[in-house]
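Residue numbers (numbering that gives the first Met the number 0), protein chains in the order written: chain H, 0 to 336; chain R, 0 to 296.
Treat the hints with care, as some may be off.
Stated by the list, open to error - Label pairs and their calculated CB-CB ranges:
| hint | chain 1 | residue 1 | chain 2 | residue 2 | range |
| --- | --- | --- | --- | --- | --- |
| 1 | R | G43 | H | Y15 | 37 to 43 angstroms |
| 2 | R | W170 | H | G203 | 53 to 59 angstroms |
| 3 | R | K178 | H | G203 | 53 to 59 angstroms |
Treat the hints as calculated values from the structure; they're not laboratory data. Note that the coordinates shown come from a computational prediction; the quantities given were computed from them, not determined experimentally. Just so you know, even glycine gets a beta-carbon here, dropped at the ideal spot from N, CA and C.
Residues per chain are reported as follows:
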Amino acid sequence: MRKFWALFTARNMEFYRDRAALSWAFIFPLLIIVGCALVFSKPDQTLIRLGLLGEAQSYNDLAIAQQNYTDITEYSARERALEQIAHHQIDLLVSRENDGLRYWVNPESSPGLAAQQLLRALDGDKALHEEQLTGQAVRYVDWVMPGVLAMNMMFASLFGIGYVIVRYRQNGVLKRFQATPVSALQFIVAQVASRLMIVVVVNGLIFVGCDYFLNLLMLGDYSLLLLIALAGALSLLSLGLVIASRTASEELAGGLLNTLTWPMMFFSEIWFSLENAPGWIQSMANVMPLTHVVKAARAVMIEGAGFAAIAHHLLALLITTLLCLLLAARLFRWQRE
Amino acid sequence: MLESTTPILEVRNLTKHYRLVQAVKGISFSIPTGICFGLLGPNGAGKSTTIEMIEGIKKPSSGEILYKGAPRGEDFAQQCGIQFQSTALPDFLLVREVLALFHSFYDKTLAIDELVTLCDLGEFLDQEANRLSGGQKQRLLLALALINDPEIVFLDEPTTGLDPQSRRRFWHLIDRIKKQGKTVILTTHYMDEAESLCDDLVIIDHGKIIDQGSPQALLQKHLPHRQVSLHTETVIESAAVTGDVSATPGVVTIDTLSVEKTLQELMAFDLDLSTLRVHNPTLEDLFIKLTGHALRD
Numbered sequence: 000m001r002k003f004w005a006l007f008t009a010r011n012m013e014f015y016r017d018r019a020a021l022s023w024a025f026i027f028p029l030l031i032i033v034g035c036a037l038v039f040s041k042p043d044q045t046l047i048r049l050g051l052l053g054e055a056q057s058y059n060d061l062a063i064a065q066q067n068y069t070d071i072t073e074y075s076a077r078e079r080a081l082e083q084i085a086h087h088q089i090d091l092l093v094s095r096e097n098d099g100l101r102y103w104v105n106p107e108s109s110p111g112l113a114a115q116q117l118l119r120a121l122d123g124d125k126a127l128h129e130e131q132l133t134g135q136a137v138r139y140v141d142w143v144m145p146g147v148l149a150m151n152m153m154f155a156s157l158f159g160i161g162y163v164i165v166r167y168r169q170n171g172v173l174k175r176f177q178a179t180p181v182s183a184l185q186f187i188v189a190q191v192a193s194r195l196m197i198v199v200v201v202n203g204l205i206f207v208g209c210d211y212f213l214n215l216l217m218l219g220d221y222s223l224l225l226l227i228a229l230a231g232a233l234s235l236l237s238l239g240l241v242i243a244s245r246t247a248s249e250e251l252a253g254g255l256l257n258t259l260t261w262p263m264m265f266f267s268e269i270w271f272s273l274e275n276a277p278g279w280i281q282s283m284a285n286v287m288p289l290t291h292v293v294k295a296a297r298a299v300m301i302e303g304a305g306f307a308a309i310a311h312h313l314l315a316l317l318i319t320t321l322l323c324l325l326l327a328a329r330l331f332r333w334q335r336e
Numbered sequence: 000m001l002e003s004t005t006p007i008l009e010v011r012n013l014t015k016h017y018r019l020v021q022a023v024k025g026i027s028f029s030i031p032t033g034i035c036f037g038l039l040g041p042n043g044a045g046k047s048t049t050i051e052m053i054e055g056i057k058k059p060s061s062g063e064i065l066y067k068g069a070p071r072g073e074d075f076a077q078q079c080g081i082q083f084q085s086t087a088l089p090d091f092l093l094v095r096e097v098l099a100l101f102h103s104f105y106d107k108t109l110a111i112d113e114l115v116t117l118c119d120l121g122e123f124l125d126q127e128a129n130r131l132s133g134g135q136k137q138r139l140l141l142a143l144a145l146i147n148d149p150e151i152v153f154l155d156e157p158t159t160g161l162d163p164q165s166r167r168r169f170w171h172l173i174d175r176i177k178k179q180g181k182t183v184i185l186t187t188h189y190m191d192e193a194e195s196l197c198d199d200l201v202i203i204d205h206g207k208i209i210d211q212g213s214p215q216a217l218l219q220k221h222l223p224h225r226q227v228s229l230h231t232e233t234v235i236e237s238a239a240v241t242g243d244v245s246a247t248p249g250v251v252t253i254d255t256l257s258v259e260k261t262l263q264e265l266m267a268f269d270l271d272l273s274t275l276r277v278h279n280p281t282l283e284d285l286f287i288k289l290t291g292h293a294l295r296d
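Take these sequences, add in the hints, and give me the full structure.
Written out as structure tokens, the structure is:
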């Protein structure tokens, strides 16, 4: 324990005193916060967000759909469209049915009620059937922020642990530790613990910052979100350890880490949902730990999911962590070969 | 009785193969307790590979390494001190923090104040360890090698790259360690260093031991002659002095087994002896004689 604590403290001091790295650890998230605040605080220019079930062409007679202030989204899946109404993602949903036009509105949404009045004014000559659906407003920023936080966690974890160990191996620090009674396990655990603390603290600060500026939706439990952050960071750190286990070149490590991070950035549902993507892409996404972090965090934040609802994501992260740690332990070398 | 005769370290038929080369080819030697033992050889001779196999950093391909008469146990790292040829330390840590970090790794330790005095670290304790001068850094690395008060200390080319003053200062430190009764194992390609510090040494080239003994014994065995040279225009016949005479324009050189006798003979010529020089053979000369090439080749 004494050795672990000494290594843990030394690594933390190294991180704290590396002003460039420390600044970047906070500047990068700050850029994310500012960027998100600028992008998502901008008022929506569209007056009416109208959802249409089926193809838009079949609604040529619908006057509200022809207005230039109306933004139209087509939906093929009714369930998905109803979720959008419930979460205030669209103002009105219209479906052409045998007995006329059925529309859904969220009575808690002011734009929804305004859209309903416009529909009645413009298309009052048609047979309209009203349905009501309630639910809390979910803006795109609420949907995307869990992903942005997870992405930051991914970069901080993978590059944070990967580069440090590879650099230690390259310049001989690892060899010096090898000559002491410190075991590989003690060394690795101390590095992981130090980085885990840094990642969770920095992400916590970003969360607070984003919440201050954007008033993020948080329906679930904060402790559950912390658990997801810990499990997610551990799985990503373990993945970073596999890359760093015997690589002795920072260039190679950089290439390998980029090979891991780029697919995760695009296919882990950070920016867009993959529900309409081909099956093989969804299968690939499910192998990526970041997908589980994003989905679990999103479920907790915007759906108020409890432990049981996200347990399978946590299990996936735990399995990833164990497999990667085993592989890293098997591959680990103190020195280049 | 057994303890006093058992070598602190014994190496038997040690070999190390890499994919395409055999770096160490069946090296054997034993080291009595309390001496400074040198591994002498040019770059690439196999010295560092040998010492790293003994330290436990590299795994031998074959052979046996005995510490105090038995194979090294898992606690060997607790009992030995190691200074590598080149070592980086974690960035941004001060010298006193590096000492504290390594202090925490061992069960038995020297007090840090004692180490600071022993290795003259006082003047730069609060400086960043990775920003020290070459000599200061080597003294810090020596302190780290001594932090567990080891019985045996491995120093792998500790003065390479240091200026002459720093090298001399480092030699004094090694002398202090020797006086404490510790066994020092030193690799070097500096002849003066080996002659000054080592009680016993092996000369290694191409992964094999060429010869072993004390510096004086090896020189006496292989190079018993001294060279006496003198700037003079006088012709000195071989028959007039004891030894082989060779001459280049203005310089006469005599290879002799007895410098005293040669000097007496030269005085009979009534020459100006103010330019007379006596050259004692060095380990460098010995190495060239034994291997046919210089140590730094």
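Exercise for the section: Given the range 37 to 43 angstroms, decide if the beta-carbon distance of R:G43 to H:Y15 lies inside it. Expected result: Holds, since R:G43 and H:Y15 (Cβ atoms, about 41 angstroms apart) stay within the stated range.
Practice task
Could you say whether the range 53 to 59 angstroms given as a hint is met by the Cβ separation of R:W170 and H:G203?
Solution key: Holds - the Cβ-Cβ distance for R:W170 and H:G203, about 54 angstroms, lies within 53 to 59 angstroms.
Practice task
Evaluate the given range 53 to 59 angstroms for the C-beta pair formed by R:K178 and H:G203.
Solution key: holds (56 angstroms)
Of the numbered hints stated above, none is contradicted by the structure.
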